[in-house]
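**Student:** Here is what each chain is made of, one letter per residue.
Protein chains: 4
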Amino acid sequence: MNKITILIHCKDRPKIIASVTSFIAEQGGNIVYIDQHVDREQDIFFMRLESEFSSESFSTEHFKSVFETGLAKTFEMKWRIYSSEKKPKMALFVSKYDHCLYDLLGRYNSGELNLEIPFIISNHLDLKPIADSFNIPFYHIPVTKELKDEAENQQLELLKNHRIDFIVLARYMQIVSGKLIDQYPNKIINIHHSFLPAFVGAKPYHSAFKRGVKIIGATSHYVTEELDAGPIIEQDVTRVSHSHAISDLIAKGRDLEKIVLANAVKLHANRKVMVFNNKTVIFS
Amino acid sequence: MNKITILIHCKDRPKIIASVTSFIAEQGGNIVYIDQHVDREQDIFFMRLESEFSSESFSTEHFKSVFETGLAKTFEMKWRIYSSEKKPKMALFVSKYDHCLYDLLGRYNSGELNLEIPFIISNHLDLKPIADSFNIPFYHIPVTKELKDEAENQQLELLKNHRIDFIVLARYMQIVSGKLIDQYPNKIINIHHSFLPAFVGAKPYHSAFKRGVKIIGATSHYVTEELDAGPIIEQDVTRVSHSHAISDLIAKGRDLEKIVLANAVKLHANRKVMVFNNKTVIFS
Amino acid sequence: MNKITILIHCKDRPKIIASVTSFIAEQGGNIVYIDQHVDREQDIFFMRLESEFSSESFSTEHFKSVFETGLAKTFEMKWRIYSSEKKPKMALFVSKYDHCLYDLLGRYNSGELNLEIPFIISNHLDLKPIADSFNIPFYHIPVTKELKDEAENQQLELLKNHRIDFIVLARYMQIVSGKLIDQYPNKIINIHHSFLPAFVGAKPYHSAFKRGVKIIGATSHYVTEELDAGPIIEQDVTRVSHSHAISDLIAKGRDLEKIVLANAVKLHANRKVMVFNNKTVIFS
Amino acid sequence: MNKITILIHCKDRPKIIASVTSFIAEQGGNIVYIDQHVDREQDIFFMRLESEFSSESFSTEHFKSVFETGLAKTFEMKWRIYSSEKKPKMALFVSKYDHCLYDLLGRYNSGELNLEIPFIISNHLDLKPIADSFNIPFYHIPVTKELKDEAENQQLELLKNHRIDFIVLARYMQIVSGKLIDQYPNKIINIHHSFLPAFVGAKPYHSAFKRGVKIIGATSHYVTEELDAGPIIEQDVTRVSHSHAISDLIAKGRDLEKIVLANAVKLHANRKVMVFNNKTVIFS
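Protein chains in written order, with full-length UniProt numbering: chain A, 1 to 284; chain B, 1 to 284; chain C, 1 to 284; chain D, 1 to 284.
Please note that a few of the clues may not be correct.
Repeated chains share a single entry, so a pair holds when one copy, or any two copies, can fit it.
Claimed, not checked - Straight-line C-alpha distance at most 25 Å; calculated DMTMM-like pairs for lysine to aspartate or glutamate:
1) 128 <-> 149
2) 252 <-> 61
3) 266 <-> 236
4) 210 <-> 152
5) 11 <-> 50
Quick caveat, the hints were computed from the structure, so don't treat them as lab data. Bear in mind that the values here come from a model prediction, so they are computed numbers and not experimental data.
Use the sequences and the hints to build the structure in full.
**Tutor:** Here's what the structure looks like:
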């Protein structure tokens with residue numbers, strides 16, 4: 001049994017749903033999941049389908065080509081089709097904080113994540129023992145002002161060689177340049193330790209403490225050129241009070257960061273996120 | 001433009017989605033919303049569609065009949081079809097507590113609820129002034145052990161005469177008998193002031209206090225013969241601590257009850273709830 | 001039995017707690033509640049006590065004077081002492097939105113609020129019927145650019161004549177001038193319909209929609225000269241998704257606004273809030 | 001500087017707070033934290049203090065003896081006094097699930113937990129590699145029906161030899177007998193994977209799925225003879241829907257279990273929990 005996931009978006013107009021479902025039926029597919037959304041402001045139609053094809057001669061590549069000519073062209077659709085056989089490959093970028101790394105590798109180990117982690121990149125050696133204990137290759141690529149360009153070239157080479165599908169910055173603490181972002185548009189996931197758009201930039205827990213907020217948050221978003229301004233994938237919050245020092249906010253925040261980043265990674269790896277106009281559509 | 005909402009469930013099998021969407025297209029409909037769910041344990045397929053028909057000759061009644069013969073029969077579907085022109089009629093049953101009543105009438109007044117409230121029934125006169133201030137007819141039907149049967153007959157007559165679609169027990173504090181339940185299966189919505197299935201029955205806040213829970217809840221569910229055991233529509237919770245007395249739990253609980261009941265009413269009125277096997281499927 | 005609540009703050013130093021508790025014991029008081037907080041950044045000590053005095057000759061005014069000379073002077077304390085006999089008087093300022101007004105008056109009616117509401121002020125007549133139905137005097141004071149100064153004088157006169165203790169802007173939709181703020185420092189409570197400091201100013205739900213946040217919030221704070229930048233008393237949030245239109249955010253937000261404002265009002269009325277350095281200490 | 005934490009409970013009566021604070025002042029102590037609670041139903045007074053003693057000759061043992069004779073006797077107080085120099089020793093009991101173990105050891109490593117973990121006990125060998133990677137001794141003590149008594153003797157010996165202060169069952173999956181419970185009353189912390197008192201006993205996620213709840217929870221409590229009925233320390237919940245299979249509930253539950261257990265451990269280790277009448281008082 002072959003199973004594919006289809007993501008579509010296009011200008012909204014009548015008969016899209018019926019056209020897509022008929023097309024898939026004609027191709028011998030059985031739809032096992034369908035969900036859709038219309039952005040009424042932008043007048044854009046979004047759809048996510050999962051379809052099974054029992055024919056032994058089914059080929060995802062062939063389906064893609066008939067999908068384009070037989071359907072997508074008519075509606076001027078942008079689309080992506082994924083075979084469920086191929087797990088996406090995720091590169092992990094870390095620095096010195098270990099909580100998100102432990103959390104993701106723990107989930108990876110327990111089979112919770114539908115993806116592969118070919119390697120971990122870090123600008124420091126601190127977390128190498130953790131990578132080792134999970135048997136994941138660890139590349140130490142130092143980043144300094146002078147070395148930044150060179151470092152990114154090394155990163156890109158590794159990413160290309162391993163055919164990485166998406167990148168997760170698990171508290172990487174470095175600003176990623178346009179060179180990387182352009183190669184992985186809406187494919188670099190960051191965790192920011194505030195409830196965006198509040199407290200953009202460095203030291204958000206310090207800013208939250210200073211402002212005296214009663215709730216702190218964490219936000220996972222795709223990285224774009226503008227700092228902390230990319231499409232938001234997932235957010236969560238927790239209560240704090242006057243009795244919490246900055247160190248308490250940081251400790252409570254770690255728990256938020258772990259869960260928010262893990263959820264964003266799962267949504268992305270399961271192809272449940274679509275991006276349009278710097279916002280996400282998250283399918284269930 | 002005619003708009004209808006279709007709710008379907010049937011044994012799961014291939015081609016249901018394509019068959020339904022094709023059928024609607026053939027009938028001249030444009031699907032504007034589709035969502036589905038498969039209960040893998042029971043092997044049951046659930047679907048909710050909204051479809052628009054631009055033809056002036058469209059008739060919901062005629063559509064229902066061709067839907068049954070041309071599609072539903074083949075798949076042995078159970079289905080309901082609603083015209084968006086007809087707002088559902090809701091009867092409110094209250095007793096002496098006013099918070100849920102104020103809340104629902106405030107939302108009704110502000111246009112938040114897509115329904116009509118032809119009348120309010122109460123076994124006490126206490127809340128009549130509120131009904132009056134919102135200009136909603138108020139029927140006082142006392143309920144005592146001796147009068148219970150007679151009272152229910154009066155209630156049923158009112159419900160029938162006004163062609164009531166569903167009933168909301170807004171802290172009605174009386175056990176509704178099988179006579180009413182049989183006439184309105186999965187159409188009587190109750191708000192229970194605990195996080196079910198914890199603390200079934202009377203005085204749940206007292207029980208929660210005694211057990212020393214750190215979180216209390218409220219649950220809105222359809223009324224079935226078994227007390228507080230019907231399909232759950234919506235739940236919510238809030239934190240409490242050792243410092244809260246029973247009276248504090250009651251006060252905090254009021255806020256939960258209002259919001260949970262209002263959400264359940266909105267879901268039901270917007271035909272987003274399906275019931276199967278004493279559980280609900282809630283469409284988005 | 002006389003009961004008083006004491007709020008103290010001063011530079012932190014040894015022996016404050018023991019000095020205060022001994023002083024109260026010497027005066028014949030029995031402490032029934034004590035809570036304290038030290039702001040380690042600012043090195044400031046905060047304390048809240050409730051104490052009962054059984055002596056029939058007890059006078060709050062006399063206690064205040066000996067408290068100042070016998071204790072507060074030594075520690076250079078800032079303090080406030082309230083008799084529990086006197087409920088604080090709250091003025092409600094509203095405009096056209098009714099949800100916070102209904103909510104507060106419903107709680108007031110049910111005895112949930114430990115305060116008095118001598119009157120409601122509005123720049124529009126729309127909500128007068130609600131005030132009438134709850135039997136609370138309603139003053140219509142129109143506010144236009146030309147009339148603003150005159151209107152504020154009228155407001156101030158009413159506030160003074162009724163010896164109002166604090167003001168609640170229940171979606172008042174007007175910017176309050178420094179003239180009022182100076183008379184009621186940290187005594188004007190506003191409800192802002194966003195999770196501050198995100199989305200300061202007008203139309204926060206529109207901004208939240210545009211940014212594509214996954215959680216929206218509401219914030220109750222004391223009004224200061226800088227817009228939406230005063231000390232935060234209470235915040236709460238709720239989840240939203242891409243499927244929610246701006247109108248949905250507004251509807252969901254109403255529920256947040258009601259609860260957040262009501263909580264802030266209760267905290268203030270129960271003398272549980274202290275303000276220092278544009279932040280609040282909230283006692284339990 | 002010596003720092004101690006004092007926990008007191010006794011029958012409520014006037015002057016307790018002043019007596020305690022005066023006593024500490026007389027002994028040369030400076031109170032840096034004080035919090036109290038009165039259970040009005042049981043008429044019991046609870047108090048938690050932190051006090052610093054600058055005298056070099058201060059001895060916790062001596063303070064305890066004068067505290068008993070000079071103060072506690074008069075008020076018939078039950079009390080415990082802890083020196084902040086001595087970190088509590090926690091024994092971890094695990095079985096095959098690794099998520100709570102990883103989580104606690106990750107926090108332990110990062111310095112978030114104010115305690116020592118002298119060893120881990122397990123009835124299986126599966127998690128030994130994790131213990132090894134964190135350099136914590138791991139004792140494999142198999143438990144079968146026949147070996148249960150023998151196994152508990154081995155456990156008790158280890159606990160005694162290492163002067164263990166409290167035990168954490170991190171998804172230990174075995175029922176602990178009265179022999180252990182009696183030795184560690186209110187000192188054995190369990191994590192139950194439901195929102196107690198709903199779904200006591202085995203397979204709570206299966207029961208939650210069957211009941212169709214919209215929210216699931218986790219509960220950390222002290223172990224008593226009655227299954228899952230001990231004093232609740234901490235609870236938390238998360239939303240679920242009809243679309244979640246049992247495996248999804250289990251995965252979402254893991255995140256709850258980790259955080260709820262970690263919070264309970266921190267509260268206990270920081271001596272912030274008092275137990276009375278099968279309920280907890282949790283100080284802030």
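**Student:** Evaluate residue 11 and residue 50 at a C-alpha cut-off of 25 Å and name the case that applies: within, between, both or neither.
**Tutor:** The answer is both: 21 Å in one copy and 19 Å across copies each meet 25 Å.
**Student:** How would you classify residue 210 and residue 152 at a CA-CA limit of 25 Å: within, between, both, or neither?
**Tutor:** Classified as neither; 35 Å inside a copy, 33 Å across copies.
**Student:** Pop the pair residue 128 and residue 149 into one bin, within, between, both or neither, using alpha-carbon distances up to 25 Å.
**Tutor:** within (23 Å within a copy, 43 Å between copies)
**Student:** How would you label the pair residue 252, residue 61 (within, between, both, or neither) given a Cα cut-off of 25 Å?
**Tutor:** neither (47 Å within a copy, 35 Å between copies)
**Student:** Go through the copies and call it for residue 266 and residue 236: within, between, both or neither, with a Cα cutoff of 25 Å.
**Tutor:** For residue 266 and residue 236, both the intra-copy (15 Å) and inter-copy (22 Å) Cα distances are at most 25 Å.
In summary, the numbered hints that this structure violates are 2 and 4.
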